[in-house]
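J.: Sequence:
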Amino acid sequence: MEAESNNNDLDADEPALKPKVITRFAPNRQKFEKEFAEIKAQIDTAESQLQMAMGSNSPQARLQAVKEKREVAQKRRKDIIGQLDDLKKQIDTKRDAASQLRSKLQYQSEEQIEQLARKLETQLQQHSFRLSEERRLVAEIDKLRRSKKAVRQYNEAKDELNRLRESQQGLRLERDAISGQVGDFRTQEDELHTTVRSNRELVENLKKELDVLHEKKRKKWAAFKGDQAAYSEYREQKRTEVNKQRQQEKQAFAQARAEERREQQNNVEPYEVERQLCATLLSYLGKIEALQTPCTPASCYSSLASTPMSPEEPKTLPNVRDDAEDSLSQGMEALFAGIPRKPSRKVRRSGSRAGQMKKRPVVLTPDLLEQFAKVGVKPPVTSVEIPVAIEAIKAQQKLYNRMAAAELAARCQPPDTNEENQQAGEEQRLPSRALTLTLTKRSVSPSQISQN
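Our numbering puts the first residue of the sequence shown at 1, with every later residue one more than the last.
Keep in mind the hints are simulated off the structure, nothing from the lab.
Mixed in with the good hints, there may be bad ones.
[Claimed, not checked] In silico DSBU-like links for lysine-lysine, alpha-carbon gap of 35 Å or less:
no., residue 1, residue 2
1, 158, 88
2, 238, 31
3, 238, 219
[What the hints assert, rightly or not] Cβ pair distances, simulated, as ranges:
no., residue 1, residue 2, range
4, 200, 84, 41 to 49 Å
5, 180, 68, 16 to 24 Å
6, 229, 194, 33 to 41 Å
7, 261, 406, 19 to 27 Å
8, 152, 92, 21 to 29 Å
9, 229, 42, 20 to 28 Å
10, 201, 38, 24 to 32 Å
11, 64, 234, 54 to 62 Å
12, 78, 42, 20 to 28 Å
Glycine residues also receive a C-beta, built at the ideal position from the N, C-alpha and C atoms.
All chains should be built: construct the whole structure from the sequences, respecting the hints.
T.: Written as C-alpha cells, this is what we have:
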C-alpha cells in the first residue's frame, strides 16, 4: 500500500501533457534487460530478507512459539501436581488398610500356611489321637485354610500400594523436569524480546528499500516503453510513406499497363477468332458435303483432296487453326469409320440413286460442337442440314466482316473533344456490340436461315 501511494504521488507530480517524441533509433533492449534484471534481483533479495524477518522463522514467531510451549508446560505441571495430591490420599488409605490386614495375620505367606496344614494332616493320618485332640487338629487345619484368603488380600493391598508409590515417583520426576523446562522457556523469552525489538527496525528499513526499488523499476519500465512507442511511431510514419510511394508506383504501373493494353487492342484486328472459326467450319462442312455427294470412289477421294477454302478466309491464327485441324481430323475419322468397304460395281449402280435420297447422320466431336456454339450456328445433325449450316456460317462470316470493318473505321477516327460527339460515337458503336453479344448467346438454327 505504501508503494502504491508513492506511485500516485509521483504520477501527480508529473505534468499532465507531454510533448510527443518521435525517434528514429530503436531502444537498447539488451541494456534495458540487464538493468531491469539487476533491479529485480535487488527486489528479490530485499523481499527474501523481509520474509525471513516476518516469516515463520522470525524472532516474533519464535517468541510466540516459546510462549505457547511454556504455557503448555505450565498446564501440564499443574495437572501433575493435582495427580500427586490424589495419589498421596490413595497411598495413605491403602497403607492404613494394609497395616490393619498385617496385624491380623499370624503367617506372612500362603506357602507357610500350606506347609503347616499339610503337616497337621500328616500327623492326623499317621497317629491316633483322642477325639477331642482330633477335633482340635481338624479345627486348626480349617483355620489355616481360611487364613490363606487374608494373606491373599494383604498381598494384593501391598502390590497396589507399591504401584501407587511408583506412579507417585514418576509424576514427581516429570514435575521436576517440566519445572526445569518452564525456567528455560522464560530465559528464551527474555532473549527473544531483545531480538524482536531490533528486528522491528530491520523490517522498517527493508520496507522503505523495497518502495524505492519498486519505484525505480516502474520508472525504468515506463522509460523503455516510451522509447519503444516513439520508435514505433517513427516506423509507422516511415511505413506510411513507403506504402504511399508503393501505391503511387502501382498506380503508375497500372496506368502504363492499361495504356499498353489499349494500344495492343487497337493493333489487334477485331473479330479475328470468330472469322477464323467460320472459315475453318466452312472448310470442314465443304469436305463433308463432298463426301456425302454420290460419285465414284475416285471422284470422292479427289474431291476430298481438292476441296477449295473459302475466298473470304482471313489470315489464320496458330492456336485456333491447330484446334480446328484437330477437330477436323477427329470428325473425318468418325465419318470414315461409318463408310463400308468398296462394294461391287453392280451394287454401286443399284444403290447410287437410293443414296442420293437417304439422310445420313453427321458425327461431330465435342470440340466441333463447341466451335459451332461460338459462332452462333446450330450444328447439322444429318447430311440434309449441311448446306443450310454452310449458308448460316457464311452469313455469320459476313456479319463479322462488317462489324470488324466498322470497328476499324471507328479506330481510325480522331477522338472528339466535344462530349456530345463522343456520346454519338458511342451510340453508333453500341448496336454492333449488342448484336455480337446476342449472336454469341443465341445459336442460329439452319431452319431459321432457310426460312429467311
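J.: Now tell me, hint by hint, if it's right for this structure.
T.: Taking the hints in turn, this is what the structure says about them:
Proximity of residue 158 to residue 88 is assessed by CA-CA distance (about 15 Å); at most 35 Å being required, the pair is judged to hold. For the suggested pair residue 238 and residue 31, the alpha carbons sit about 26 Å apart, so the restraint of at most 35 Å is met. Straight-line distance between C-alpha atoms of residue 238 and residue 219 comes to about 29 Å, which keeps the hinted pair within the 35 Å bound. The hinted window of 41 to 49 Å between residue 200 and residue 84 holds, with their beta carbons roughly 43 Å apart.
Remark: the range hint 16 to 24 Å for residue 180 to residue 68 is upheld by a beta-carbon distance near 18 Å. The hinted range of 33 to 41 Å is not satisfied by residue 229 and residue 194, whose Cβ atoms lie roughly 54 Å apart. A hinted range of 19 to 27 Å holds for the C-beta pair residue 261 and residue 406, which are about 22 Å apart. The given range of 21 to 29 Å is respected by residue 152 and residue 92, whose C-beta atoms sit roughly 23 Å from each other.
A hinted range of 20 to 28 Å for the beta carbons of residue 229 and residue 42 is consistent with their spacing of about 27 Å. Taken as a hint, the range 24 to 32 Å holds for the pair residue 201 and residue 38, whose Cβ atoms sit roughly 27 Å apart. Roughly 60 Å separates the CB atoms of residue 64 and residue 234, a value that falls within the hinted 54 to 62 Å. For the pair residue 78 and residue 42, the supplied restraint of 20 to 28 Å is violated, since their beta-carbon distance comes to about 52 Å.
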